[in-house]
Amino acid sequence: MELTRLTIHELRDLIRKGEVSPVDVTTAYLDRIGHLDRRIQAYTTVTAETALAEAERCTQALRRREPMGPLAGIPLAVKDVICTRGIRTTCSSKILAGFIPPYDATAMVRLREAGALLLGKTNMDEFAMGSSTENSAFRPTRNPWDMDCVPGGSSGGSAAAVAADLCAGALGTDTGGSVRQPGGFCGIAALKPTYGRVSRFGLVAFASSLDQIGPMTKDVRDAAILLGVIAGHDPLDSTSADLPIPDYEAVLTGDIRGLRIGIPAEYFVPGMDRDVEAAVREALRILEGLGAIPVEISLPHTDYAIAVYYLVATAEASSNLGRYDGVKYGHRTAQSAHLIDMYMKSRQEGFGPEVKRRIMLGTYALSAGYYDAYYLKALKVRTLIRNDFSTAFQRCDAILTPTSPTPAFRLGERTDDPLQMYLSDIFTISVNLAGIPAISVNCGFTPGGLPIGLQLMGKPFDEATILKLADAYEQATPHHRRRPDL
Amino acid sequence: MARITRDEVERVARLARLRLTDEERETMTSQLDAILGYIDKLNALDTAGIEPTTTVIPMVSVMREDVVRPSLSQEEALANAPDREDVFFRVPRIIED
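Protein chains in written order, with numbering that gives the first Met the number 0: chain A, 0 to 485; chain B, 0 to 96.
Simulated from the structure, these hints should not be mistaken for lab results.
Honestly, I wouldn't trust all of these hints.
As the list claims (entries may be wrong) - So, partial list: chain B residues that the calculated Cβ filter (under 8 angstroms) puts toward chain A:
1) ARG16
2) MET27
3) LEU31
To be verified - Beyond 12 angstroms from chain B on every Cβ pair, some chain A residues (computed):
4) ARG15
5) GLU55
6) PRO139
7) GLY257
8) ALA264
9) GLU265
10) ARG394
11) PRO459
12) THR464
To be verified - Distance condition first, Cα-Cα at most 30 angstroms in a straight line; then the derived DSSO-like pairs of lysine-lysine:
13) LYS355/A / LYS40/B
14) LYS355/A / LYS327/A
15) LYS458/A / LYS40/B
16) LYS458/A / LYS379/A
17) LYS355/A / LYS379/A
18) LYS379/A / LYS40/B
19) LYS355/A / LYS93/A
Just so we're clear, the structure is a prediction, and the values are computed from it rather than from any experiment.
Don't be surprised by glycine CBs; every beta carbon is placed ideally from N, CA and C.
Input sequences plus hints: build the corresponding full structure.
Right, dumping it as structure tokens:
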């Protein structure tokens with residue numbers, strides 16, 4: 000039995016029964032990383048020594064029959080935008096290349112308290128800005144299904160690691176689609192929780208009103224398990240919701256009869272990719288067969304979402320990234336005449352082109368004379384987008400769309416035209432603006448063997464319904480059991 | 000809506016504390032111009048009377064008791080310092096002569 004092929008819940012059962020030890024699993028993953036990651040480049044940092052030491056401690060604790068957490072002995076990967084105490088956290092940026100956080104993000108603390116082990120930190124677009132992981136300052140990550148293609152972004156490293164069985168599961172982050180889009184491109188389950196569901200403490204901030212940490216896993220049940228561990232109020236994050244967390248695994252009954260699924264006209268346009276359309280319509284037929292009821296809906300302001308996002312997110316980013324000034328941490332330029340000179344040179348040397356572009360756009364949108372016309376206007380359209388969803392959810396329990404207009408594109412295909420790259424997020428971005436949860440699952444493959452993502456969007460704090468629908472669909476299909484040929 | 004000029008790019012770069020190269024300034028001007036052109040579509044929408052959304056959560060002014068709690072130690076706080084002297088972060092001169 001190939002240990003690295005197993006899901007979190009399968010490993011959990013074997014570990015609890017004592018049939019497999021955490022050391023066995025961790026060793027198997029580290030071996031596989033050693034063989035394959037040279038080509039895939041999913042990891043920025045592999046914490047082999049500490050992972051094995053933790054695995055050893057966990058194995059001993061299990062032998063002594065000590066009480067164990069829900070993720071005891073499970074080796075996971077974490078996107079390099081999430082602070083891990085004592086372990087290099089770079090955000091795939093030169094400006095943080097040597098940064099070692101003195102604390103763990105709350106999500107990381109909760110994973111550890113549940114008994115999980117850390118295999119390493121995964122590659123990403125710099126500061127989570129990108130849709131292909133090609134904006135990483137260090138190296139691009141390859142899609143395990145086709146090494147000439149991107150894994151998506153910005154959580155491309157986590158997506159590739161899960162798809163290639165280089166970890167049992169991973170955390171990513173999603174600001175405009177950065178968990179779901181790579182999840183779709185790499186054929187895995189990937190969930191963005193409701194804004195406020197998971198603490199952002201220790202998540203290096205990109206856009207503070209949009210960012211969320213989310214699970215990226217081999218199947219939906221695993222996503223439910225990870226969400227249950229990391230979700231919940233955190234006094235250290237004043238934007239985290241003080242609401243009870245349901246048992247997300249318990250809701251996966253497979254019974255979706257009577258659930259109404261909204262099909263938004265704006266996401267199914269003439270000229271859309273035929274493979275994507277065929278796969279998503281087939282998925283809808285399967286869901287109908289299981290008892291769900293399709294309902295035609297409209298999200299009329301869909302077409303404005305990208306414009307809104309590239310004002311709101313960039314404005315917030317320009318503010319958040321102001322802290323990288325070379326004073327207390329991060330890259331500082333070697334020679335400077337005075338303080339402002341130091342700021343300018345350090346940031347010039349440390350930031351990549353996409354990051355600079357977004358800081359510039361955000362600064363412009365907020366600057367005197369332009370604030371009303373750009374930023375304030377975008378915030379008002381954001382209200383219209385939110386209202387679209389509130390209206391739609393009066394008539395349905397979840398909304399079904401493709402995750403992306405196309406499957407994974409080739410490395411280098413969109414790097415010359417930033418706007419082309421931005422447009423690939425059209426189906427994921429409204430979700431972040433509205434603050435609602437959404438999940439992507441694999442709904443099939445193109446004739447060329449590339450995964451196609453199916454997205455289900457849910458009502459605020461109703462991750463349970465989209466998990467239940469996604470799980471029912473997934474269990475009725477074989478796609479989640481396929482693995483790339485590596 | 001006005002599109003962006005090279006002078007404005009220079010002004011914004013100064014606000015953002017970025018020292019762009021000449022080449023970057025060129026590329027940035029045309030790229031930002033294209034993006035702002037795309038963003039122009041927002042003007043087609045009538046937003047009179049619409050409240051701006053600044054947050055998607057219901058909470059406002061979340062507070063806690065003003066009580067001292069454990070935080071980072073001085074050594075932890077200084078550990079990533081590019082240049083430190085004793086318990087200080089050292090930086091180039093702030094005030095010019």
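Comparing the hints with the structure gives:
Hint status for ARG16/B: holds, given a least beta-carbon distance of 4 angstroms to chain A, under 8 angstroms. Given hint, MET27/B at the interface with chain A, holds; its Cβ is 6 angstroms from that chain's nearest Cβ, closer than 8 angstroms. Hint on LEU31/B holds. Least Cβ distance to chain A is approximately 6 angstroms, under the 8 angstroms limit. No beta-carbon of chain B is positioned within 12 angstroms of the beta-carbon of ARG15/A; the least distance is around 35 angstroms.
Consistency note on GLU55/A: stated as away from chain B, and its beta-carbon is indeed over 12 angstroms from all of that chain's, at 27 angstroms minimum. Remark: the non-interface label on PRO139/A is consistent with the geometry, its nearest Cβ contact in chain B lying 21 angstroms away (cut-off 12 angstroms). Non-interface call for GLY257/A relative to chain B: holds, since the shortest CB-CB distance, roughly 28 angstroms, exceeds 12 angstroms. Once the 12 angstroms rule is applied to beta carbons, ALA264/A is consistent with being away from chain B; the minimum gap is 19 angstroms.
With a closest Cβ-Cβ approach of about 14 angstroms to chain B, GLU265/A is found to remain outside the 12 angstroms limit, as its non-interface label requires. Non-interface call for ARG394/A relative to chain B: holds, since the shortest CB-CB distance, roughly 21 angstroms, exceeds 12 angstroms. Chain B draws PRO459/A into its interface by the beta-carbon criterion, the shortest separation being 8 angstroms against a cut-off of 12 angstroms. With a cut of 12 angstroms on Cβ distances, THR464/A stays outside the contact zone with chain B, its closest approach being about 19 angstroms.
At most 30 angstroms may separate the alpha-carbon atoms for a hinted pair to count; LYS355/A and LYS40/B meet this at roughly 24 angstroms. Taken as a hint, the LYS355/A and LYS327/A pair is honoured in the structure, with Cα atoms around 21 angstroms apart against an allowance of 30 angstroms. Annotation: proposed proximity of LYS458/A to LYS40/B holds, straight-line Cα distance about 28 angstroms (limit 30 angstroms). A distance of roughly 21 angstroms separates the Cα atoms of LYS458/A and LYS379/A; the hinted pair therefore holds under the 30 angstroms criterion.
Among the hinted pairs, LYS355/A with LYS379/A is consistent with the structure: their alpha-carbon atoms are about 26 angstroms apart, no more than 30 angstroms. Taking the CA atoms of LYS379/A and LYS40/B, the gap is about 14 angstroms. The hint holds against a cut of 30 angstroms. Distance hint between LYS355/A and LYS93/A is fulfilled; the C-alpha atoms sit about 13 angstroms from each other, no more than 30 angstroms.
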